[in-house]
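For this one, chain A is given, so just place chain B on it according to the hints.
Protein chains in written order, with this note's numbering: chain A, 1 to 268; chain B, 1 to 315.
None of these hints come from the bench; they were simulated from the model.
Don't be surprised by glycine CBs; every beta carbon is placed ideally from N, CA and C.
Treat each hint with caution, since some may be false.
[As the list claims (entries may be wrong)] Coverage of chain B stretches by chain A, computed from C-beta distances (three or more under 8 Å per stretch; other residues unrestricted): (1) 181-190; (2) 194-208.
[Claimed, not checked] Calculated from the model, a selection of chain B residues having no Cβ within reach of chain A, i.e. all distances over 10 Å: (3) Ala42; (4) Lys104; (5) Ser110; (6) Arg120; (7) Tyr147; (8) Ile224.
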Amino acid sequence: MTTIAKTRDGNTANGATAMVKAEGVHKSFGPAHVLKGIDLEVAPREVFCLIGPSGSGKSTFLRCINHLEQVNAGRLYVDGELVGYRQKGDKLYELRDAEVALKRRDIGMVFQRFNLFPHMTAIENIMEAPMQVRRETKAVARARAEKLLDRVGLADKAGGYPSQLSGGQQQRVAIARALAMEPKLMLFDEPTSALDPELVGDVLDVMRDLAEDGMTMIVVTHEMGFAREVGDALVFMDDGVVVESGHPREVLTNPQHDRTKSFLSKVL
Amino acid sequence: MSVEISKSDGPSDAPPSGPAGPEAIKAIPVRHYGRYVSAVVALALLATIIYAFSQGKINWGAVPDYFFDDRILKGVGQTMILTVLSMAIGVVGGIVLAVMRLSKNPVMSSIAWSYIWFFRGTPVLVQLMVWFNLGLVFEYINLGPIYKDYWASFMTPFLTALLGLGLNEAAYMAEICRAGLLSVDEGQTEASHALGMSHAKTLRRIVIPQAMRVIVPPTGNEVINMLKTTSLVATVQFYELLRYAQDIGQTSGAPVEMLFLAAAWYLLMTSILSIGQYYLERHYARGSLRSLPQTPFQKVKANLLSLGRPNGGTA
Numbered sequence: 001m002t003t004i005a006k007t008r009d010g011n012t013a014n015g016a017t018a019m020v021k022a023e024g025v026h027k028s029f030g031p032a033h034v035l036k037g038i039d040l041e042v043a044p045r046e047v048f049c050l051i052g053p054s055g056s057g058k059s060t061f062l063r064c065i066n067h068l069e070q071v072n073a074g075r076l077y078v079d080g081e082l083v084g085y086r087q088k089g090d091k092l093y094e095l096r097d098a099e100v101a102l103k104r105r106d107i108g109m110v111f112q113r114f115n116l117f118p119h120m121t122a123i124e125n126i127m128e129a130p131m132q133v134r135r136e137t138k139a140v141a142r143a144r145a146e147k148l149l150d151r152v153g154l155a156d157k158a159g160g161y162p163s164q165l166s167g168g169q170q171q172r173v174a175i176a177r178a179l180a181m182e183p184k185l186m187l188f189d190e191p192t193s194a195l196d197p198e199l200v201g202d203v204l205d206v207m208r209d210l211a212e213d214g215m216t217m218i219v220v221t222h223e224m225g226f227a228r229e230v231g232d233a234l235v236f237m238d239d240g241v242v243v244e245s246g247h248p249r250e251v252l253t254n255p256q257h258d259r260t261k262s263f264l265s266k267v268l
Numbered sequence: 001m002s003v004e005i006s007k008s009d010g011p012s013d014a015p016p017s018g019p020a021g022p023e024a025i026k027a028i029p030v031r032h033y034g035r036y037v038s039a040v041v042a043l044a045l046l047a048t049i050i051y052a053f054s055q056g057k058i059n060w061g062a063v064p065d066y067f068f069d070d071r072i073l074k075g076v077g078q079t080m081i082l083t084v085l086s087m088a089i090g091v092v093g094g095i096v097l098a099v100m101r102l103s104k105n106p107v108m109s110s111i112a113w114s115y116i117w118f119f120r121g122t123p124v125l126v127q128l129m130v131w132f133n134l135g136l137v138f139e140y141i142n143l144g145p146i147y148k149d150y151w152a153s154f155m156t157p158f159l160t161a162l163l164g165l166g167l168n169e170a171a172y173m174a175e176i177c178r179a180g181l182l183s184v185d186e187g188q189t190e191a192s193h194a195l196g197m198s199h200a201k202t203l204r205r206i207v208i209p210q211a212m213r214v215i216v217p218p219t220g221n222e223v224i225n226m227l228k229t230t231s232l233v234a235t236v237q238f239y240e241l242l243r244y245a246q247d248i249g250q251t252s253g254a255p256v257e258m259l260f261l262a263a264a265w266y267l268l269m270t271s272i273l274s275i276g277q278y279y280l281e282r283h284y285a286r287g288s289l290r291s292l293p294q295t296p297f298q299k300v301k302a303n304l305l306s307l308g309r310p311n312g313g314t315a
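The shape of chain A in the complex, shown without the other chains:
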């Protein structure tokens, strides 16, 4: 398994700090080797799209960035800081739960299945983390939540429970909930895969708006149209490795590898 010399850090070649930098990242679940050495770099303000067949490790990689899974080998940095471990001398220490929670505050995550809190209304979902984690007052949290709901086009649904909202509306509330913590990085794990086709557009519009605002976004998606139009960089993953990467328009219109070609011929 790959091990990386300890002197490396999360800096890019030109000195600017990459928002996310992966160096030979490996991840196994028991005997299943899911990530087999991922190297990639996401610049600030970039919309970075991850595509590939299911089981290729895209979601696992995304979950590693947010400490929902722990990297087994290699190094993963977010904003120049090592993910999952603390380095002291040449020893690595696992992060304590409180340290992990602190790092997660700056990373927003949107799930395929929304995962809204069903016992809270839309606006309570958005206010929960700012009030519980950042100890904001109710008034401050509510004011921001109202603004965010307005931004995702759901100002009139503030008092609705998730079960009273459509899938597309739930996902937009989930995006607003992640944005309420004012993250520097947003992770999208197949945000439109569980939606009816006619609801996909609304969610993508919100994501496009977010991209134009300069948010750094890593998007695992099957929406090639979105990747082509909004993405700044695109990576095709298969069987735990990066097969091909480049600008979305180039990779999608002129794939170099056979595996990329055969995948794209099926989804486009």
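Coordinates of chain B only, in the frame set by chain A:
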């Protein structure tokens, strides 16, 4: 197109069939003779039983005479105190045991498993008697400088009853709480963690409120069960409703009548608890149902309002 329905005709079951519409079907309904027969048989049996009880050698007049007797009321109070306190021990103990059982620490989960195995596997009546007689094992209770006494004088009937019932209940509540915690989707925990919330906050703000929907209904059953099980502690010399009723029965010469009296009180208390359970379940159903079911009070109100409208309103 306008269809005129004059209200003076009164309600009509036939759908308004326009000139072009198909004729409404008028069929002879199936007669379920079996239902009539079974209903008559059941009612006849019920009447026979009621008649037998009313003609038996039971002095029904004694029941209202003693219904609000001071001793009975005191017994009701003791029963309620014991129910509330032993349920409190049961719920707190159950949550602790459930968390231990789900813990990644193998020692903790084994201890919780063994506790549940033992307390669920032995009759509560036996447990109560053992608590009462633990003086054979521990002659003294010695908490250092805080407290020291003979076991027999420390272990009062009340404490015996409380510990016996509460510790037994904890084993059952542990399984109920564990099922509740496991019923909450893992995505909820992940979403909460992803927002930067700690384990404790996630448990308290996200997981437990959702687990309550699964925990409350069986817990309501447990409370009702507990209320009735308290009658067992008469065997360890604790005076509660049944014990007082039996005492009155011996002195007043109406022992069976007093049993009916006690039964009536238990039924009254469990009925009140059932109402409380209904509202508690309704509270924790927030967000899981598109619209909450009406409370009985709201139903009555709605019915009264609709009476004012002709034909109940069709919209």
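Comparing the hints with the structure gives:
1. Beta-carbon proximity to chain A at under 8 Å applies to 4 residues in the region 181-190 of chain B; the threshold of 3 is reached and the given coverage holds.
2. Counting residues of the region 194-208 of chain B whose CB falls under 8 Å from any CB of chain A gives 9; the rule of at least 3 is met.
3. Once the 10 Å rule is applied to beta carbons, Ala42/B is consistent with being away from chain A; the minimum gap is 41 Å.
4. Every CB of chain A lies more than 10 Å from the CB of Lys104/B, the least distance being 13 Å, so the non-interface label holds.
5. Every beta carbon of chain A lies more than 10 Å from that of Ser110/B, the smallest distance being close to 24 Å; the non-interface claim holds.
6. At roughly 31 Å, the least C-beta separation between Arg120/B and chain A is larger than 10 Å, which holds for a residue marked as non-interface.
7. At roughly 38 Å, the least C-beta separation between Tyr147/B and chain A is larger than 10 Å, which holds for a residue marked as non-interface.
8. Remark: the non-interface label on Ile224/B is consistent with the geometry, its nearest Cβ contact in chain A lying 26 Å away (cut-off 10 Å).
Going through the hint list in order, the structure satisfies each hint without exception.
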